[in-house]
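> Residue strings, one per chain:
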Amino acid sequence: MFSRPKLQERKKRQVNGVRGHTKLEVRCGKKVCPLTYQKGTYLGKDDLRKPKGVSPLPWRISMHEYAVTKSIIDTVTKEAEQINANRITVITLAIGDLSTILDESVQMYFDIISEGTLAEGAKLVFKRIPAMFRCRSCGKEFPKPGRGFDCPECGNLGYPTGAGKEFYIESIEVE
Amino acid sequence: MEVKIMKNILGANKTLAEENRRYFKDKHITAVNVMASPGAGKTSVILKLIHSLKDEVNIGVIEGDIASSIDAEKIEKLGIAVIQVNTGGGCHLDANMIKASVESLCLKSDTLLFIENVGNLVCPSAFDLGEGIRMVVASVPEGHDKPFKYISMFEAADVIILNKVDLMPYMDFDRESFYKGVRALNDRAPVFEVSCRTGQGMDELVQWVRQACR
Ligand SMILES: Nc1nc2c(ncn2[C@@H]2O[C@H](COP(=O)(O)OP(=O)(O)OP(=O)(O)O)[C@@H](O)[C@H]2O)c(=O)[nH]1
Ligand SMILES: [Mg+2]
Ligand SMILES: [Zn+2]
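Each protein sequence line maps, in turn, to chains U and A.
Here the first sequence stands for residues 1 to 175, numbered as in my numbering.
Here the second sequence stands for residues 176 to 389, numbered as in my numbering.
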């Protein structure tokens, strides 16, 4: 019987990864599969390998959030190093509703990738910013309706104002 | 202690994209980022455009795909320089992949470079590749409501293609609603209604791409 390794064990194995590589593991059904990402290269088919003998379906990881999370960690650790901080405790992200990430997924990758960096253990705060539209006729600003882009005042078409597209790291708290 | 950062999360990608953009400009390469949902007709449109333009201009293709070389093989058959990028599960191409691909393609100056992105109406819109033209392919069977759901994709398009119009009689595609959504988001991109099956509307599209290469 294959038993689920405890998170601790999994983390330990990542730390012992080859130098220059980030070693990650993802759970695929009952198996824990290695996932390797070579630093400084792109995520091509040779960087990410689906382990043999794993059926494709449970191997449902979102590369998008992985790439995004990697980028967040690289940026904040560089900033923290510059001011000689010992560790990062909070990372505040401003994310517009029109941008394309899932908070939970970023958090999941964060817990894995931040291991051994200044950002390890930091709390991620997601500031969600609603998508706003402006009416082309009467100029009224309104939050994106559930369906369509019609102005609630006059019924004419609105266009996105730009609010809702935010995708940046606002601040960090360091010790 | 709190430290303000105010940096775009995808800033590293943006920097690389700008490098690509400069490279394309210096070499007079017109890079077209072709984006659409799976099966909308990205490869079909690229093949049609290659047929019409290959005697006038150098053409190169970067084929992005999750895991296969099917599309790249179709292009290769036409004797066009093509490179396959398998993202191995990744939902989009990024600027780094394009940089690496362009280096190994050894493109000549004055080239029309098609980049077929991974079939997806969401993620590719967030990753600038350094392209000169963002081409979005919608298709009749997908339905007319796509602009209302995939806002960033349609908003940032430089040209929009509505493919598979030959299927219009069999579908309940509401043209008016489609255009309403597109125009709310984007009032500058031309929309070309085409059929890669019958060739309908292709001449106008070819003419537009020809102009864009100048
Ligand atoms: N009826 C009809 N079928 C079309 C048309 N254009 C493409 N197709 C068909 O639609 C299917 C998908 O076309 P592709 O060009 O492979 O689409 P794609 O967007 O490149 O697909 P992926 O790369 O897999 O995401 C193929 O079977 C094409 O023959 C069209 O104008 N009319
Ligand atoms: Mg294709
Ligand atoms: Zn109004």
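Because the hints were derived from the structure by calculation, they are not lab data.
Backbone N, C-alpha and C define an ideal beta-carbon position, used for all residues, glycine too.
Take these hints with a grain of salt, some might be off.
Unchecked claim - Some, not all, of what chain U presents toward chain A, calculated at C-beta under 10 Å:
id	residue
1	Leu-124
2	Phe-167
3	Glu-170
Said to hold, decoys possible - Listed below are the simulated BS3-like cross-link pairs for lysine-lysine, each with C-alpha atoms no more than 30 Å apart in a straight line:
id	chain 1	residue 1	chain 2	residue 2
4	U	Lys-140	A	Lys-200
5	A	Lys-355	U	Lys-123
6	U	Lys-144	A	Lys-182
7	U	Lys-70	A	Lys-355
8	U	Lys-140	A	Lys-355
9	U	Lys-165	A	Lys-200
10	A	Lys-189	U	Lys-144
11	A	Lys-324	A	Lys-252
12	U	Lys-165	A	Lys-223
13	A	Lys-355	U	Lys-78
14	U	Lys-165	U	Lys-123
15	U	Lys-70	A	Lys-223
16	A	Lys-274	U	Lys-140
17	A	Lys-229	U	Lys-165
18	U	Lys-78	A	Lys-223
19	U	Lys-70	A	Lys-324
20	U	Lys-123	A	Lys-223
21	U	Lys-144	A	Lys-200
22	A	Lys-179	A	Lys-200
> Looking back at the numbered hints, which does the structure fail to meet, lowest number first?
Failing hints, ascending: 1, 4, 5, 7, 11, 12, 13, 15, 16, 17, 18, 20, 21 and 22.
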